Amino acid sequence: MNRLAQESSPYLLQHAHNPVDWYPWGPEALQKAQQENKPILVSIGYSACHWCHVMERESFENGQIAQVMNQHFVCIKVDREERPDVDAIYMDAVQAMGVQGGWPLNVFLMPDAKPFYGLTYLPPRQWVNLLTSVRSAFNEHPDQLAESAEGFARHLNMSVSEQYYLTDTAPQFSRDLLDAMYQKLETSFDSVKGGPRKAPKFPMPSIYGFLLRYYHVTKNNAALDHIRRTLDFMALGGIYDQIGGGFARYSVDDQWFAPHFEKMLYDNGQLLTLYSETYSLTQSPLYEKTVFQTINFLKRELTSPEGGFYSALDADSEGVEGKFYTWTTPELQQALGDDFNWFSELYHIAPEGNWEEHEGVGRNILHRVVSDADFARMQGLTLAELSEKLTTTHQKLMAIRETRIRPGLDDKILCSWNGLMLKGLVTAYRVFGEASFLELAEQNARFIREKLTQPETGQLWHSYKTGVNGAPGVASITAYLEDYAAVIDGYLALYQATFKEAYLREADRLTRYTLDHFWDEEDHLFFFTDQTGESLIARKKEVFDNVIPASNSMMAHNLYTLSLLLEQPVEGAPAYTDLLESMMGRVQSLLQQNAEYLTHWAALYAMRVQPTAEIAVVGPDVQQFRREIDQRFYPNKVLAGTETESALPLLENRTPINGQTAVYVCYNRACQLPVTSVEAAFNLLEK
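First residue of the sequence shown? That's 1 in full-length UniProt numbering, and the numbers climb one at a time after it.
It should be emphasised that the hints constitute simulated quantities derived from the structure, not laboratory data.
These figures come from a predicted structure and were not determined experimentally.
Positions of the beta carbon are idealized from the N, C-alpha and C atoms, including for glycine.
Fair warning: there could be bad hints in the mix.
Here are the simulated distance ranges between beta carbons [to be verified]:
{"hint": "1", "residue 1": "Pro-455", "residue 2": "Asn-668", "range": "35 to 41 Å"}
{"hint": "2", "residue 1": "Leu-381", "residue 2": "Leu-130", "range": "55 to 61 Å"}
{"hint": "3", "residue 1": "Asn-636", "residue 2": "Val-361", "range": "48 to 54 Å"}
{"hint": "4", "residue 1": "Asn-668", "residue 2": "Val-320", "range": "28 to 34 Å"}
{"hint": "5", "residue 1": "Gln-660", "residue 2": "Glu-288", "range": "30 to 36 Å"}
Please model the entire structure based on the sequences and the hints provided.
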């Protein structure tokens, strides 16, 4: 057993019994490298990563390979989800070396932690050869390696403005530039199956969030068609767990058919937001079903007793990828009996299996291409009859699945990913009005306040591990910008869903903390790490949107919402509007060139092309009015509300009309005459 046995990360604990003498990232390992003048091997992965498990089985569990690693290197294992700061630095370095990034990420460092070489997965023989070559180079050419490492360290420490030639400019919001962003993005669209025209296919929620807002401004039907095509094929495909709910990480093919089967909290949280928002526009029954089923999956499999959400479920069980989720044809025939034939047609079951063989037997991934309504017609059934049949067959298969050996659960609770899921639950509640969604969301918000927030300062923790055998849980690791950004976004959504001002005040308090501890006056952007956190060889900023949007673009959205809901900050503090303008101006040239990598920024840009509606609701029926407003698609708005009175700027001096609930539609804090129905309010919005 190595030093990882003392860690709380499930990923690090998976490696605790390796013969490799792993250290966690920290001063002990870094000091050892300097004292013994040894190169460092940093191996970065995460618990649901399939190829991480493969490399562990092939190399890190092999005693002879471990001996080479232990003899020649100080070996450090990093959970990228616990330490995204370490991961970001060394991923950036490896990409600067011209290597395609990915995980497992294996990076070789000089004893001072500066990187000189890196790569992803390697089979055992090549891995041993590489270890030997690297150690020889370190012994024979240390000066050359040190010079190379110094060059990469300089690259890592370039500011974002230097790296991408960003300057201080006043942002210009124009329909022409918005159209240009869309047209550039459109060139990558798969016009048959949706998503990008390539494999593998990742759900990229921020792309479709942008397209929804672009459609709102332009009514461009091609954008809406692409959103619908993508969301339809994802919800019907193998990437979605057809009987249990929830999305897998990505599809290995270009059909949304065969996933890597791991399920991540951050994907599912963002996809709840996306499917709920799109339902408010399209009223698609498929999207409603997808949201409800995914939240049931969340409750069943990823919710801790304390109200936090766990991080991920593994792709593998019993050492086989997808075994928990896939079926042999004989299994399905036996389980479903007379229902097998129509079920087989709907879900494309093949006699020999439609996917890979395991132990000589082909397995099936459940996937479909037609809607319930179309399939019911084809079968001569009513929609209600088909729905009943689906419920019965799904329950039978779920019962069988519950007896199987489950995939591994990564039970660490990450602040940022909980924020993303909080936003997803609140959005689902706002659109569908299902009270249990709000209950789950508020339970999670309480967990974040009680377990991940320092009450006096508002500082957050990044990670939490539930205690075992009655021991208290432990929060650890100074939070990153992504934690604040996601949680603030969740709180702002919660305020607009409930009108409980405590959520808005907490969002404001956390935002002020980020300005004191993360803001860079030179770049007009936020650092990823807290100035009170651990110093690494570089302090990075996250600008480009990925599967999770960049923490800077999320903060820009938050600053915009706060600027509309709150007065300017206390005297001497920078105004949220001014900070936002400086951020948008700084990235505008990047948006013009590379909108496809900045789609969350682009979504905010789309909201600035036209004025944002500030909607104030005052009176006894405030929640009923809020529900009616939220059920309709109108993304470019903020909501404030109270039954009686409030000192918030949008609500100050606003009153009901003759005792009736009043809606005030405002732009730039100037309000039109109040109306007493939601219909009348939408007539004002759509003028």
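Going through the hints against the structure:
no.: 1; hint: Pro-455 <-> Asn-668: 35 to 41 Å; verdict: holds (36 Å)
no.: 2; hint: Leu-381 <-> Leu-130: 55 to 61 Å; verdict: holds (59 Å)
no.: 3; hint: Asn-636 <-> Val-361: 48 to 54 Å; verdict: holds (53 Å)
no.: 4; hint: Asn-668 <-> Val-320: 28 to 34 Å; verdict: violated (59 Å)
no.: 5; hint: Gln-660 <-> Glu-288: 30 to 36 Å; verdict: holds (32 Å)
Going through the hint list in order, the structure does not satisfy hint 4, though it satisfies all others.
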